[in-house]
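Peer 1: Protein chains in written order, with numbering that gives the first Met the number 0: chain A, 0 to 988; chain B, 0 to 564; chain C, 0 to 190.
Don't read these hints as lab results, they were simulated from the structure.
A portion of the hints provided could be inaccurate.
[What the hints assert, rightly or not] For lysine to any residue, the following SDA-like pairs were computed, each having C-alpha atoms within a straight-line distance of at most 20 Å:
{"hint": "1", "chain 1": "B", "residue 1": "K356", "chain 2": "A", "residue 2": "P148"}
{"hint": "2", "chain 1": "A", "residue 1": "K560", "chain 2": "B", "residue 2": "L535"}
{"hint": "3", "chain 1": "A", "residue 1": "K560", "chain 2": "B", "residue 2": "S292"}
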Amino acid sequence: MVTILGIAALLALLAPFAGQLLGARAGWVLGAGLAGMCAGIAVMGAQVLRGEPLTQVVTWMPTLDVHLAWRLDGLSLVFALLVLGVGAVVLVYSAGYLGKGPQGGFYGWMTVFAAAMLGLVLADDVVVLFVTWEITTLCSFFLIARSGPHAREPAIRTLLVTVGGGLCLLAAVVVMVVATGTSRLSAILADEIWSQQTPVTTAVVVLIALAAFTKSAQFPFQAWLPDAMVAITPVSAYLHAAAMVKAGIYLLLRFSAAFAQVPTWSVLLIAAGLLTALLGALTALRQHDLKELAAYSTVSQLGLLVAVIGVGTPGAILAGVLHTVAHALFKGSLFMLIGVVDHQAGSRDLRQIRGVGRSMPLTSTAMVITVASMAGVPPLLGFISKEGLYEGYLSIGGLQAVVVAGAAAAASVLTVAYSGRIVWGLLSRGRQPARSARPVQPAQAGQPELPQAREARIRFWLPAALPGAVGLVLGLAPFLLNGLIGAAAGAAAGTAVQAHLALWHGLNVALVLSAIALGLGAVAIGARERIEKLLAHRSFPISALAVVDAARRGVIDFGAKVAAPTASHAPARHLAIPMVMVVLIAVVGLSRLVPLPQVVGTRSQPLDWLLVVLIAAGVAGAMIAPTRVAAIVVTGVVGFATTLWYYVLGAADVALTQLLVEILTVVVMVLVLRRLPARFRPASTRRRLGAGGLALAAGLATTAGVLILTGRRPMSPAGQYYVTEGENLTGGQNVVNTILVDFRALDTLGELTVLGVAGVAVAAILSVRRPRPVQRPEPPLRHGGGLTDAVHNTVFLRTLQRGVGPAVLVLSVLFLFRGHQLPGGGFIAALIGGAGLALTYLSAPRDRTIRMSFMALIGSGVIVGAGIGLVGLAEGSFLRPLHGSLLGIDLTTALAFDAGVYLAVLGIVLAAINLLGSERADAVPAARWGDSAPAPGRPLAGPASSRERADAHIHPGPPDFGTGRVAGPGRAASGGRTDSDDATEVRRR
Amino acid sequence: MTGVVLALFVAVPLLSGGALIAIPHRARLHQVALLTLLALHTVGAVALVLATRDGTVLAHGIGAWTFGIAIPFVADLFSALMLTVTGLLSLVCAWFATLTPVGRTRYLAPAVLILVAGVNGALLTGDIFNLFVFIEVMLLPSYALFVLAAPRRGGLRQVAGARLYITVNLLTSTLFLAGVGLVYGVTGTVVLAELAGLAAADPTVAIAATVSLFALSIKAAVVPVHGWLARAYPSTSPAINALFSGLHTKVAIYAIYRIYAVMFDGDERYLWVGVVAFTLTMIIGVLGAVGESRGRTVLAFHMVSQIGYILMGVALFGPLGLTAGIFYLLHHMIVKASLFLSVGAVEVTHGTDRLGKVTGVARRDPVLAVAFFIAALSLAGLPPFSGFVAKYSLILASIDTRQIAAAVAMVVVSLITLLSMLKIWSGMFWGRPEPAPDGEPAPDGAAARVQPVPAGVGATADAGGTAGAHGAAAADPAGQDETSDRQAPAPAGGPSTAAAGADTGPDAGAVVGRRVGLRLTMPALALAAITTTLGLGGEVLLSLAEVAAGNLIDTSAYIEAVRQG
Amino acid sequence: MTLALTAGLLIGGAVYLFLQREMFRVILGFILLSHGVNLILFAAGGASRRTEPLGGDLDPDVVADPLPQAFVLTAIVIAFSITVVMLVLAVAGRRGDDTHDNVPDHLDDYPDPDVGPAAGRDDAGLVADAGDAGLAADAGHSTVGDSADAGHSTVGDSADAGNSRLGNSANAGNAADAGDVAATITRGARQ
């Protein structure tokens, strides 16, 4: 069995290539392949018929206890034969049907389809069953979608409906697995849980039924099947006869063993089935397009099948299996023959092909046979199976039997009627076939235009007629099927079933019903004109297609609404929600408060209150400040107050760091400030109130959190360890610094990386987007002189700087070295140095960038940091400090590490000053190439030079605009922007 | 393998990143260095997986200080798997990036390397303050990458997006820091191994830890704090978007898994909160996705939805749930990146990801179409792709723990997921129907496998469309020559676009004429191939995920390893 | 108490500020936020012990917990780095640091090749990119020529456009705005 499946998979893999190389002719090869497999299955079938099903298991996902388990019993056998047999015929038929050109796609999907169906009917593991089920869904999607743009919408609808059903199956699968503890299908069916009426059972029953209904196009999901008629005929033939729709029937038959006794099951199936049967048949009566007609007929026939499975008695199941076979034969044949007619006559519209049959005797003969079988005319298989169906329905017994059988009979009457329409349309005298205006099948491209339809070549109509012929043979000699059908029914019903198929069952109700059906049907054929008129204007109340589409649109619109609230790039909204949640967390936390440990010591001291007031004032100021400058100032106040706080709390290092960071922040802010409007725009009251309320809540939450969660324990063991052990472990007296460079150097490494990369980020931003130009350019830059001359204004600062500059640098180095012992260290030192640079910059007579590559600084900072860390590996661990003494001075790698920090910090400070400091953009290339002046050494082919060439092309303007071009895709637009700068400046002067 | 080497996962990328920052820019050198290092990282991570696949935990206190003082680096199978996929994704995304204009800026290589260093650190560290630091280490380069990837219009959208992205992330990490502070305030330690079980034992610890967990769930974009992600991510360039989708939110998710497993010891009392929140996340996310009209926005919203699925694993705390969750996490990283890359490839070539503006891509780039469709189906959880295994096991887990509502949500959501995927499919790959459909029809794997990019396909397709042929004729040669011959690191989109613009001039046909080409397709295709393999051969990853889940349920090995380290 | 109160004040103010509209105020908000959280970290160490952890033989009962101090040091520096980045972003926008300057939807995309002057500019951008990567520069030459004019022509009307559109002299004065606005309008007309 596995071998056969393997071959199937292989075939599916090769099919596209075959189709690509051989074109349509590949159908012969592949058809032969399927036929071969069919034979193989048949051989195995012999053993199965002896009553011992074959099973094989291949391990797949033991973790989930899911295996590729296969099982060939009677039921699987019947379906496998259908799938492969009909498949083979359809493929051979396609060889004649398809036009020239590569057909890789079609054959690829068809064979995958066949393989998946085979897997589906052989699977003995519900998960595998589901997988194959979904694969068939996908194949049908692609096969439908392939047939051109007009097929896309139907394809999508089909996919959505069937996948929906598939998901029901998935749910059912999971529930079954959980309920029975196994995913082995045979075991699940045998499980006794189904006999007791638990909600689980009901749920599973409903889910399975839904899955099958979607697949087999049962009410209310029947719509997709006729909708999918846009697919080319071979596809339709396969879909309808043996594949897709039969998967649903197989599922129902498979599970009927377990569910036959569950009322929900019977009710659902019978009701939906009969309703579908009637609706389908009625709609079929109104169709003129033969394919549509046949499609609705399929829907109707499947309805009869579902209903009979719902009945669930062995007899009914038997009938079900038999009719499945009969239907597969006549419907497959019918579709292919329609294809032939369409192909030869150029149309399949009953009104246009009137009488074509006369000019193509063979085809029409075959057509008549199949249609007769469909209508249940003896001595065809369709007749026998119809009889069986009636007996099945009657086997319910009681009043229901009458109702059900009656409904079925009614459906059959309609069946006969629409079958009659086909025959009539084909054979009745009428005008010669008119070429339809519709876009003709691609297949016809090569065909010479014919004055009238000509009989198809033998190799075209023979495969089409074959299944019908088989139907005829089996109709005459039904006993051939006894063993097979019996075994299948037995497997499905779970009890041994003996089949005694015969044309003549003696005079019984079923026969009467058939007779009635045929009789009334004949009458209906006679009255077809009137019926057509009658039905022409009646359209089915609710078009399910519309429903699907409406649902689709509905979901999409609703989705748009759902997304709307967050549809903004403005941070405020996205920042507010988290804060609300935080407050919520605080409230919940307070609500379930437990007795807390005592506060250790006294948390506040009198002096603190001063700071509280200071901070309160500062915060208030920051909130109401109307201009940006004012806001900076008050925020600065808060910053310094915080610095004091740190100092009061005994953190000199932190205080120092905070102080320096404040200074640098202010410097950068000032640089930015020049490019922004002076005043804030007044915030709306709504915003003020909202923000205020949330701010209040957040503040309270914070205070509460701090009060409750902190200060209630003695110093942490870690803290004590640092305090007591720190010095003799690291030789450093400044405990905080030892933590930074020794114990938790990894944090510091990360920190210096962050700092450095921030510099890179700044450069990156400005490389794709120029900063807004300075709002009020300082006069000296444009035209010097006057009181406004900054050059003179900065005299004092410059003289100061001349002395201070070097001193600052010395100081910073000093701090760097003493850091391990006293307040100081890499950060503080570098921040001091940075402050020095800032001073140098501010005091400069004109904007000028400091000629130093910050990229190099940053890079080397990171390198030193990480590098020193790696050196530590020599001592057995990353970032393990090494101690050594040089010229008597005790040195530790921690110092070098601090140096790395120093470099990184200096780097970002430089970056900020260089990139934002200068009015001109010529600092930006510095951002890109790591040094402001292009190094002379760089080969001319280097990126920079070629870039400048390109830039020169863009901007023949002043060179600083040229070099001002920025990197990356952002350039073009900002190119336009530069020009506009230029233009507007001209306008301003 | 000993724990000492773990530090290399951070040190090496940092060092090389620093080096690439320092040296002047050589596009080729930078790209080669980047890809080699990422490849090395992936190899190393695989080695780590092999070392931990039996459940052993590697740990090492950085600086070799004693337990409780040193910052421990810990690697169990979960972290190892994350490292592997991280490496894989960053490799593929970087590969894609080098084919787009972004790849020629000097910032890409160093930023990506440092980003990876940060991610690795966050995955390996066993110290929550250090986690904060590493999250920042991965965020800062991201800020650079975010705007760096400015499109040709000068990145107004990038700036708006970057502002949102930075502010939200800053708030997030500051909140996380506050949480860490409170945890330290109550317990006096920040070492995860020392905090083990405390949150379960002491409600005050639980509250403190909740603040941190909440911060992480903002980063992971859990409803109701999901909105930023769907807005910010699409504002950046396709390559970077894919990279972020693979790394950022996932680190947060990883941390949530880890912290809840260790600190809360999988406490059942709080699980229901997760179930509710994550179910909502699934639903809201997918609804948002289906309503959007741009390819990448749809995908970004899907991330939200999928994150709901992933985190459901932790909410269904237990062997099955965690296994499913971990599998889902890894699967999703791959699939989502693949989707972003295939849609991104279209965007890079045609200049927009607005659905309905670019049409008939499937016809011109069958391979790309296949890649996208595989990933899309996998995302929707259809067999035979990894998404199915993930979804099946997760649904199994939730039914198993009687979370029926959640299970139903999962099923329904995957249908809507498919719906929205079809929306992209028909809005971008099919687009408006073109007349006379012959030649190889749209979603045709066969044609793809046989003749990768048949020059015929493009032509025949456009022959129908009027000026299209002209466009194709003009664009293709240009694209071919310049990309392959003249130019070293070719922006596959670039030249052909320019050529089309220059030669055909203003002409709607030009849009139809352009082709994405194989080079831009390969990355997405590679990931699509992986998801297929993980679907058919799911067992490999499943068994690993099971072991990883075991480590999360019984944390003793983890704790012990850290003590010894 | 005092410490808790201070933290509350800071974070309250922070929330108020970062819910404002201007990026600048958002940034100030985050500065306050980091102050607040840093104080929380200090509180976590215990506000009752306040002696500097400096020098030898320290008494664990009075000396301040050094670990939070180290944390805060790290946090301060990280916050500073991000602040710088945000400040740069504040001036990279179109309308100053207004976070509401969301791009008009049709400007979101890369431009299509079929949209008049804008197209010229964009192709120029592309070719220049190519040039950037060392592609033969003359390839760029031809396209670029007209592209530059295209750029100018766009700008021609831009300033007044800016005036009429934004009515805010500061903005109109800023050519960057005008440029974009002009683009907006030309595109808008085409929509």
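Peer 1: Holds or violated: K560 (chain A) with S292 (chain B), Cα cutoff 20 Å?
Peer 2: 13 Å, holds
Peer 1: Quickly compare the C-alpha distance for K356 (chain B) and P148 (chain A) to 20 Å and report which way the hint goes.
Peer 2: Satisfied, since the Cα-Cα distance of roughly 17 Å is no more than 20 Å.
Peer 1: Can the restraint linking K560 (chain A) and L535 (chain B) be considered satisfied, given a maximum Cα separation of 20 Å?
Peer 2: Distance ~38 Å between K560 (chain A) and L535 (chain B) Cα, so the pair is violated.
Figure legend: structure checked against the earlier numbered hints; the only hint not met is number 2.
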